[in-house]
Amino acid sequence: MNGIITLTTDFGTQDGYVGAMKGVLLREHPAARLVDLTHDVPPQDVFAGAFALAQAACFFPPGTVHIAVVDPGVGSSRRALIVEHDGALFVAPDNGLTWLAAPGAAWAIDSTRLPPEWLIHPTFHGRDLFARIAARLAAGAPIAEFSTGIVVQRQLALPPAAREGATLRGEVIHIDRFGNLVTSFPGGTVSGTLTVAGVDAPLHTTYADVAPGQPVAYLGSSGFIEVAVRDGSAATLLSASRGAVVRSHKE
Amino acid sequence: MNGIITLTTDFGTQDGYVGAMKGVLLREHPAARLVDLTHDVPPQDVFAGAFALAQAACFFPPGTVHIAVVDPGVGSSRRALIVEHDGALFVAPDNGLTWLAAPGAAWAIDSTRLPPEWLIHPTFHGRDLFARIAARLAAGAPIAEFSTGIVVQRQLALPPAAREGATLRGEVIHIDRFGNLVTSFPGGTVSGTLTVAGVDAPLHTTYADVAPGQPVAYLGSSGFIEVAVRDGSAATLLSASRGAVVRSHKE
Amino acid sequence: MNGIITLTTDFGTQDGYVGAMKGVLLREHPAARLVDLTHDVPPQDVFAGAFALAQAACFFPPGTVHIAVVDPGVGSSRRALIVEHDGALFVAPDNGLTWLAAPGAAWAIDSTRLPPEWLIHPTFHGRDLFARIAARLAAGAPIAEFSTGIVVQRQLALPPAAREGATLRGEVIHIDRFGNLVTSFPGGTVSGTLTVAGVDAPLHTTYADVAPGQPVAYLGSSGFIEVAVRDGSAATLLSASRGAVVRSHKE
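Chains as they are written, first to last, in the working numbering: chain A, 1 to 251; chain B, 252 to 502; chain C, 503 to 753.
Since the hints were made in silico from the structure, they are not lab data.
Predicted model, so just to flag it, every value in this text is computed and none were measured.
Yeah, the Cβ is synthetic: ideal placement off N, Cα and C, and Gly gets one too.
Please note that a few of the clues may not be correct.
[As the list claims (entries may be wrong)] Interface residues of chain B toward chain C, partial, derived using beta-carbon atoms under 7 angstroms:
1) Pro-294
2) Phe-298
3) Pro-373
4) His-455
5) Thr-456
6) Ala-459
7) Ala-462
[Said to hold, decoys possible] Derived DEER-like restraints, expressed as beta-carbon distance ranges:
8) Pro-212(A) to Leu-621(C): 23 to 29 angstroms
9) Asp-45(A) to Asp-612(C): 57 to 63 angstroms
10) Asp-110(A) to Leu-365(B): 50 to 56 angstroms
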């Protein structure tokens, strides 16, 4: 392990929750190097958290530990996981959060193997469970210290493309800060023009391929086809929100 | 000291203020390890800053220095403090900001002991005073370098519980990002059902003890009784804001 | 170089973009120490990004590398720069973003000198170009590895003061989180009272020089004259936005 621990949560940045997690991480592993990915996942929005994590985690060096906590089921019987993928470890609830970034082997955390002195508050596993385990893993503890069994992690359903006559139908799966619409079409699966909310966006390479104010489709940096308006917000100008239908007119 | 310096401010994240503080910290102590707790304390809201700091600071390893700057009185004659608590040091204005996290011995910073070359801008003590002192303390400087006298730090009044016939009255002291209502009742002081804004919330252990959409009270991760709505925002659904009355019907 | 790399972007904190940049930085230079300045520059607002960078960058120790990405022209033919100033390096698009912080010698990044294995996504130079170059520079690579030519960087026009009879006219160039109005008047260029939106703000040293609720002008911590309302938001109370006219009545 390289000592890097990243954090992805829906805790926001106004409360002391993120700070508490960081304190636990540094208390358990003083040499850890903490890296905030995002704490502004919309509250309890597992898909948005999974998408943000997938956008970022793959770029970190091998040996990184990623904590992800978007956890509507905290305190219930939902499982907690350690997932291994491409030399990185992910510690997260088993609700699909790690599926896009790390569709790999998952170990179920076995609560009977945890140190008995760990008091785990039923509403804050991020601080009392995930942070402690991540710190230990980053310090070199083996996964077997916390788990004995490999399980199938919960998957997230990406909306499948549907054929409708001559067109292929997908949807907007994410809207970024700039109002760019990330569609469910992976790069290479469509060509030609996309239509969202009645607006046609021709497929090009980048924003600058169209005039300011014009819609454009392109292969986005996350691997999906996106629809943007050059120098503007497609979300605002097209009144498009997550789930909006996107049609591809293949020739 | 362990080299860790945490930052808690109401500076927000849009201006260059936080970055300027970080620059000063690293210039004064290049080996410092900076950890953001929060910069999104509502502007000049000392209680909210004190609460966030108290939620997080206690989890850091001994030898940590915490800077806290929510400072409506900057440039006035309000004192500046170094507070010691549980092996950690806090550097902050004397306005109650450190009271919940560090109700310990406080040293008044003596401006006549500061290096004469320190130019201190009257509207930005965070950068020019607190960051420099915190960096020096984290690098091992003794408190006596900046102060000669112990003082009584300003306290924050937590609203006391009031007995009203058969009920105990408290109030909402904080609302978190999820809309959970943190009440002024410390854990263990109430039992049974809490009532906020006409809604009864039975005391349980965690969200999952009630059905989705139902109110629930529980001992929160910060040590106070909280009222939440499972899978929803209690603040929105109960139209409750900070200061709202909470009643406990003890049996 | 000292290993510190700061980040200033308009990427916001909700997407995975910032995390992806951090991953690349740590993959290319595992010992780098990452410092967030701000990611909340308003989307594509180059001036706001330049101002935030200028508020903070000068405080970092020599040998720091600053990445700044507010890049409406990404994917177009706009140049990318490495700028050297006061012992620090800045990596940024050539759109004025570095002008306030680092009006120094600029090297144009020569895309023909980049490693051929670098795939550079046309909409995300922050991740694929700027982060990689910054990491290399922080690790000690010479500027000449990426550039052969010094160029004149694009400048930002600060609004010049205009004389109008007995008064000097400037404008509000930035509004901070507290609603303080940063004017285009550098410290020392005006005296007496400033007028914004029909309200007179006498020039003093700090907020505490006037009564709560009263307007006050003072030399701000960024080197410009500011107008504030003590214990309130001047932006709200004076209904002033960026670009609002400010008049100085010199005697």
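Checked hints:
no., hint, in the structure
1, Pro-294, "5 angstroms, holds"
2, Phe-298, "16 angstroms, violated"
3, Pro-373, "4 angstroms, holds"
4, His-455, "32 angstroms, violated"
5, Thr-456, "32 angstroms, violated"
6, Ala-459, "27 angstroms, violated"
7, Ala-462, "30 angstroms, violated"
8, Pro-212(A) to Leu-621(C): 23 to 29 angstroms, "27 angstroms, holds"
9, Asp-45(A) to Asp-612(C): 57 to 63 angstroms, "42 angstroms, violated"
10, Asp-110(A) to Leu-365(B): 50 to 56 angstroms, "55 angstroms, holds"
Violated hints, in rising order: 2, 4, 5, 6, 7, 9; the structure is consistent with all others.
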